[in-house]
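S.K.: If you're matching them up, the sequences are chains W and V in order. Number 184 in our numbering belongs to position 117 of the first sequence; there are no gaps in the numbering. Number 94 in our numbering belongs to position 27 of the second sequence; there are no gaps in the numbering.
Careful: at least some of the hints might be erroneous.
Repeated chains share a single entry, so a pair holds when one copy, or any two copies, can fit it.
[Unchecked claim] Pairs of lysine to aspartate or glutamate residues, derived as DMTMM-like cross-links and limited to a Cα-Cα distance of at most 20 Å, are as follows: (1) Lys72 / Glu165; (2) Lys178 / Asp69; (3) Lys370 / Glu311; (4) Lys91 / Asp172; (5) Lys374 / Glu391; (6) Lys201 / Glu71; (7) Lys206 / Glu174; (8) Lys91 / Glu165; (9) Lys91 / Glu166; (10) Lys304 / Glu372; (11) Lys91 / Asp182; (12) Lys201 / Asp172; (13) Lys175 / Glu71; (14) Lys72 / Asp172; (15) Lys370 / Glu391; (16) Lys201 / Glu166; (17) Lys257 / Glu325; (18) Lys175 / Glu86; (19) Lys201 / Glu165; (20) Lys370 / Asp393.
Rather than coming from a laboratory, the hints here were simulated on the basis of the structure.
There are 2 protein chains.
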Amino acid sequence: MDYEKILLSHGAGGFLSSELIARKFLPLFSNSYLKRMEDSAVLAIGKNRLCFTTDSYVVNPIFFPGGDIGSLAVHGTVNDLSVCGAKPLFLSTGFILEEGFSMTDLEKIIKSMADAAKKAGVKIVTGDTKVVAKGAADKIFINTSGVGAIEYKGNISTSSIMPGDVVIVNGTIGDHGAAILCSREGLGLKSEILSDSAPLASLVQKILKASPNIHCMRDATRGGLGAILAEISKQSKTLINVDEAAIPVRDEVRGICEILGLDPLYIANEGKLVVFCAEKDAAKVLKAMKKHAYGKNAAIVGKVEKKSGAGRVIMKTVIGGSREIDLPTGELVPRIC
Amino acid sequence: MDYEKILLSHGAGGFLSSELIARKFLPLFSNSYLKRMEDSAVLAIGKNRLCFTTDSYVVNPIFFPGGDIGSLAVHGTVNDLSVCGAKPLFLSTGFILEEGFSMTDLEKIIKSMADAAKKAGVKIVTGDTKVVAKGAADKIFINTSGVGAIEYKGNISTSSIMPGDVVIVNGTIGDHGAAILCSREGLGLKSEILSDSAPLASLVQKILKASPNIHCMRDATRGGLGAILAEISKQSKTLINVDEAAIPVRDEVRGICEILGLDPLYIANEGKLVVFCAEKDAAKVLKAMKKHAYGKNAAIVGKVEKKSGAGRVIMKTVIGGSREIDLPTGELVPRIC
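Taking the hints into account, I'd like the entire structure generated from these sequences.
M.R.: Written out as structure tokens, the structure is:
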């Protein structure tokens with residue numbers, strides 16, 4: 068279906084986002100780098116394999132339990148580089164500020180970015196600041212782009228996924244989205260839920276060290292674990308079986324989702340990734356993940372069954388049924404990241 | 068002076084922009100890459116020297132005589148890489164769209180970016196799209212970040228500038244800013260002025276080929292030629308003498324500036340650069356520039372006289388006086404790029 072106007076859903080990481088990219092961007096920007104459709108582009112420069120990625124952050128509110136737009140902008144881009152198997156090295160940062168934005172808040176955000184960059188082992192090496200008139204933007208938007216170096220020998224890509232691969236997630240899902248929802252003005256929800264926003268670079272290095280058979284990784288941001296699995300199944304043209312009972316979800320997150328009629332499977336994360344690895348190495352990888360602060364609650368949640376036409380994800384539900392997991396079609400939580 | 072709130076001038080490329088960066092960003096993001104304060108960071112990865120840069124584009128109106136926000140977003144970033152002596156290779160693109168934005172306009176902009184990228188010889192390899200609610204952004208903002216490879220042996224940097232260096236500009240100044248001003252609703256100015264928005268990559272390659280003694284290049288965007296020269300004089304701690312009569316300005320641009328009480332020297336360009344090169348090679352470089360479509364009106368406009376404390380730019384005016392050129396302190400034209 069063709070839309071005359073941009074909808075919120077076009078930016079939600081679900082079906083319409085995917086359509087917008089496939090139908091409007093890809094045909095015109097067409098090149099082999101972009102066609103991979105992973106979180107980062109892999110570039111060959113001289114003898115080096117580099118990763119290059121970009122993300123704009125428009126999260127609302129800009130300060131939320133467990134983080135702020137600054138730390139999120141560092142973590143998100145660090146994670147997009149990490150899941151492509153790269154060691155994140157350098158970030159750029161582009162600020163769009165609304166006239167009248169608080170200098171104190173800006174300073175807090177800069178400090179938070181600097182701290183997050185230090186913790187993630189990356190340097191912010193170049194930047195740009197634009198200011199637009201009051202009302203032409205909402206407080207602050209931040210773009211971070213990143214460059215990383217790939218040293219891992221394997222080709223980390225949906226195209227490397229094979230039947231038999233085990234699907235591992237590094238912990239509880241939905242924390243970021245639930246924290247944002249609870250902190251929105253007007254919702255009146257009180258909770259202790261913190262965003263899981265975190266830099267996954269060192270966890271990924273442990274994962275890569277644990278096995279030469281890591282086939283694919285992806286961070287489960289907009290659209291949550293559900294959207295990411297659906298996207299991966301389509302790209303790898305495989306059937307992925309998932310076990311709902313095995314997916315770690317905090318009770319508080321489950322509670323909020325029940326109140327609001329949402330599914331944790333489609334709630335955004337900012338410190339969660341899925342790993343596809345050869346079954347024989349799954350135990351080793353899981354063990355390595357569990358030793359890391361950001362992988363304590365890691366769990367095997369599914370398995371790639373076979374090649375399957377357009378790709379499908381089937382979830383065995385806790386009540387014993389089964390359900391197809393597809394890209395979400397609406398906008399669950401606008402401005403989640 | 069400390070400001071409690073962000074002003075439009077903090078994004079105008081003049082004194083307050085410079086203060087914001089020096090006092091708020093640099094102390095916290097501090098690293099040797101950022102401290103160079105050039106248009107791009109220079110990164111050593113393996114045996115390669117790479118350039119990495121970012122810019123967000125918020126120009127208003129989004130379609131203007133001679134270009135649009137899409138072509139501008141490609142040219143601007145290509146030019147930031149080029150003036151650091153790099154061959155631009157790869158771009159990322161981050162869109163922030165306002166809910167309700169016209170799909171037809173988005174398609175025009177994507178097409179314009181694709182055409183500009185092709186013409187500039189770069190590939191758009193990774194991207195991101197966010198949508199915010201109606202009223203939370205003004206139509207469309209685009210961030211482009213870029214990666215390029217440096218092959219030139221010399222160190223193109225303000226730190227390489229030496230007394231005796233000649234200052235060359237590649238053509239008429241103020242065209243972009245004047246075109247934007249004339250196209251603003253409500254101003255009621257009619258003119259034939261087109262933005263000079265253009266990719267300078269191939270011109271820069273000709274310049275670098277013409278001389279091994281290119282010391283510094285900078286594109287004269289926000290703040291215009293005046294701000295860029297003032298910034299360079301401060302960074303290189305030199306006295307730069309400029310001859311107003313030698314600076315190419317179109318009659319139409321001069322006319323618009325007179326009506327509005329503006330100085331072409333501080334009006335933005337999007338296809339103009341200044342080159343600092345050793346005097347002995349100036350004629351060769353000028354000749355090479357004049358042969359190129361984007362350098363036909365190139366001219367020698369000044370000379371670096373000597374090292375000079377904090378740095379100064381002195382302009383010999385057309386009426387025979389002299390005038391100090393400093394960073395502009397106000398906001399001349401908001402959302403010019």
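S.K.: What are the numbers of the hints the structure violates, in ascending order?
M.R.: Those not satisfied: there are none.
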